[in-house]
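Whenever a hint applies, use it, and build me the whole structure from the sequences.
Residue numbers (numbering that gives the first Met the number 0), protein chains in the order written: chain A, 0 to 139; chain B, 0 to 120; chain C, 0 to 492; chain D, 0 to 164.
None of these hints come from the bench; they were simulated from the model. Be aware that one or more of the hints could be misleading.
The calculated lysine-lysine pairs, modelled on DSBU-like cross-linking and capped at a C-alpha distance of 35 Å, are [said to hold, decoys possible]: (1) D:K104 x D:K116; (2) B:K102 x D:K104; (3) B:K57 x D:K116.
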Amino acid sequence: MRKHLVLRVVSKLLMPFILLFALYVQFHGDFGPGGGFQAGVIFGSTFILYALVYGVETARRVARDWVLRLFMITGVLIYIGVGYVALFLGGPFLDYNTLSAHDPVHGQHLGILLVELGVGITVAATMVTIFFAFASRGRG
Amino acid sequence: MDIPADIPGLYNYWIVVVLMMVGFYVVISRTNLVKKIVGLNIFQTSVFILYISMGKVKGGTAPILVDHPVTYSNPLPHVLILTAIVVGVATTALGAALIVRIKEAYGTVEEDEIQAMEPDE
Amino acid sequence: MIAHNLPALQVVLPLIAAPLCLLLRGSNWPWAFATLVSWAAFAISVALLSQVLDSGTISYAMGGWAPPWGIEYRVDTVNAFVLLIVSAIGAVVLPYARVSVGHEIPAERHPAFFTALLLSLTGLLGVTITGDAFNLFVFLEISSLSSYVLIALGRDRRALTASLQYLIMGTIGATFIVIGIGLLYMVTGTLNMADLAARIPAAVDSRTLLAAFAFLTVGTTLKLALFPLHSWLPNAYAYAPSVVTGFLAATATKVSVYILLRFFFSVLGTEYTFERLTLEQLLIPLAAVAVLVCSTVAIYQNDVKRMLAYSSVAQIGYIILGIGFVSTTGLTAAIVHLFNHAVMKGGLFLALGCVMLRVGSVRLDAFAGLGRRMPLTMFAFVLGGLSLIGVPLTVGFISKWYLVQAALEQGAWILAIVILVGSLLAVIYIWRVVEVAYLRPPPADAAPVSEAPLSMLIPTWILIGASIYFGIDTSLTVGIARRAAETLLGVTP
Amino acid sequence: MAFGILHLRNLFAVVMLSGIYSLLSAGLFVTLDAVDVAFTEAAVGGGIATMLMLAMLSLVGDAERTREGDFRVVPLLLVLATGALLLYGTLDMPDYGDANAPINKHVVPRYLEESGKEIGVPNVVTSVLASYRGYDTMGELSVIFTAGVGVLLLIGRFRRPGGGK
Chain A
0 MRKHLVLRVV SKLLMPFILL FALYVQFHGD FGPGGGFQAG VIFGSTFILY
50 ALVYGVETAR RVARDWVLRL FMITGVLIYI GVGYVALFLG GPFLDYNTLS
100 AHDPVHGQHL GILLVELGVG ITVAATMVTI FFAFASRGRG
Chain B
0 MDIPADIPGL YNYWIVVVLM MVGFYVVISR TNLVKKIVGL NIFQTSVFIL
50 YISMGKVKGG TAPILVDHPV TYSNPLPHVL ILTAIVVGVA TTALGAALIV
100 RIKEAYGTVE EDEIQAMEPD E
Chain C
0 MIAHNLPALQ VVLPLIAAPL CLLLRGSNWP WAFATLVSWA AFAISVALLS
50 QVLDSGTISY AMGGWAPPWG IEYRVDTVNA FVLLIVSAIG AVVLPYARVS
100 VGHEIPAERH PAFFTALLLS LTGLLGVTIT GDAFNLFVFL EISSLSSYVL
150 IALGRDRRAL TASLQYLIMG TIGATFIVIG IGLLYMVTGT LNMADLAARI
200 PAAVDSRTLL AAFAFLTVGT TLKLALFPLH SWLPNAYAYA PSVVTGFLAA
250 TATKVSVYIL LRFFFSVLGT EYTFERLTLE QLLIPLAAVA VLVCSTVAIY
300 QNDVKRMLAY SSVAQIGYII LGIGFVSTTG LTAAIVHLFN HAVMKGGLFL
350 ALGCVMLRVG SVRLDAFAGL GRRMPLTMFA FVLGGLSLIG VPLTVGFISK
400 WYLVQAALEQ GAWILAIVIL VGSLLAVIYI WRVVEVAYLR PPPADAAPVS
450 EAPLSMLIPT WILIGASIYF GIDTSLTVGI ARRAAETLLG VTP
Chain D
0 MAFGILHLRN LFAVVMLSGI YSLLSAGLFV TLDAVDVAFT EAAVGGGIAT
50 MLMLAMLSLV GDAERTREGD FRVVPLLLVL ATGALLLYGT LDMPDYGDAN
100 APINKHVVPR YLEESGKEIG VPNVVTSVLA SYRGYDTMGE LSVIFTAGVG
150 VLLLIGRFRR PGGGK
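In structure tokens:
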């Protein structure tokens, strides 16, 4: 792994910015293009870049399998959970208006924020999981 | 409406149809499983273009609300296609995983060679 | 509060259970959890059906957005009945799964396996209940993707190719459906089914609508494996794990039939589909050929699972035949056969799963002497087979009785003969198994075989018992089916 | 756009081209005002899908037996029939970009006019995606989850119970 020094340094420099960009896309989806899904993909690709440069096994030590699976599950649960919360607050499933007692628009904001977060988490974790599954196949 | 008058307005759709059929042809005519999956991708992407084309409004802009009133393109197809893209990549991922398993089990990814190995009942 | 939200809970209960299931460890916990959830889903569907029968169509607006802006769940007699079929099969198959899956799937994959099974259940329920055309596609893909995975888990390596073939065909089918939905949307500007139905009459002359119709038809017939687009089905069913075959054979194609019914009758309208386009002239010959050809092919199979899979394609032929008559009797026959076929085929495949567990093979030779060595399993198989043939006092007879009636109503005696010939062919292929099982002595060197465990026998017998019970007491199933048929033909929702 | 087709016609067998195709269509989406979709297509079709394909090829081997010269009549006829049907269907379609087409008159105006008040999010795609049709998006997320579980089941590594790490 002593080869590709340039690649390693450059990607190390790039990674924080990609992550930052992912977060920007995640939370700026309300105003410009973007949202949870795109952010998840970008976030996930940072790990994939890491794995490509430093080797899959190293990357797997950073993002353990069970952690990834946990995130995969968490994201879905956040989304569906928001739906259930709305249900318990007396509205129909996924009705964000109920999330805020005084201002429906506020509730909508909150709902969308949470839901996009769920999407982002699951998508990122799933992308990395799938990539790892492919990359470590045939190596034991 | 008589047909000649339609031609310029429908030109866009016709190109999409041609693209779609190229993808479809790849899927059903090739024996290499990898190519079949690539074909599926092309087929699906062309359907996406079909949807997005129907949402376009002449002189419209991207559907992000601004203060001064303008014409927006139709956002609903965009939403549908976002969903469809995700479904498409999910299918691709599964297909790819299956192909990897098939390669391990048979040593080939050519449909006819696999069939030759498994005499039908 | 719960009563209000039943339509949503029907789908989101198994949906939230799926990721939770992946969190569980070992193999008993995921199984127990999935089983409980499937029972709850069954209870919900029973409650929904009774609500619909009492007070008519239920509409539920997801997210509180009124249709057509938001996504609507719409339950009427037709899909309440299909929901009941799907969730009932789920509730019966899951208890069965513990031993069978323990035997056929490596233990470390059990949580993920049950997660996939729950997702498949969710998808099928979601397709059935939704009143939104695009939402239908999304849930169709959930169920399809999970069933590709489930099928690929079969122990035979051919399961992999079967699954990939299914994936390719299924995706083409789904893409066709998407094109169809897109064109419908283009013509009408809406995705809500009820709204579509209201706006389509204004566009009946549109050639775009015709194309939409064609794509929807081809897409759904691919999914439901109508002859000649059935090539993916026999392999997929033959090599999938026993539980999966039992579950999918009894539910997946039924849901596709439902999609067809929904689009033909409710969305596009009887008038458009059958009076303007006379689709029945295409459906009836295809269905008749399906019955004859696939029953004949079934006779020549040496793998009993494959034989039953071909028989399934033939049974789909009967259902389509019933739809093609476009009469209340015909539709009643089709809808009641959805239920009846689910029950008997589910029972038969579960019985095969028992054989698979004890003998390790479902090839015809493996059945030698099983009549005495696994009496309960084989007796269940025989009863299910009789039902498949259509012997009186079984559900198979009820379906065929109404089908023949519908055929005679229209003077189509040739089709009535087709139905009878189909039954005769069924006698032959069932007899081949029975002959080997009861009349051929077991091979001398055969390992001792004991009866299947109770956890598998009881679900098998529940389904077989149901196929006898509803063959005798038909008021419930036929009554609901008739109401559903009237809903479809009469005032469309 | 015609360029894209020409490329595709000549070389469509190559996986990389499918990636390029995705990127091209992403560009197309931008010109069609679908910025969100373009973003996603570029990231997913051009990025993830291509990468998946390459990862798969590295396992499967990219030496594909070329028999592509074979010309198959039946599939071609099928494709031509399907294409003809679609073309026939296009004849009654509203003109491209027509603001008076049914899809721009029904349902959608409400999203454009009310979502600012009802949801308060300027990006209409986001508000339709996450709220009006939020249930679809939940389904979409479940599809991704299904794929993740599926890939794990098919080619993932599992710890054997009691088998240590």
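Against the structure, the hints:
1. D:K104 x D:K116: Status holds; Cα separation ~20 Å.
2. B:K102 x D:K104: violated, 51 Å
3. B:K57 x D:K116: Holds: K57 (chain B) and K116 (chain D) sit about 26 Å apart, inside 35 Å.
The structure shown violates just one earlier hint, number 2.
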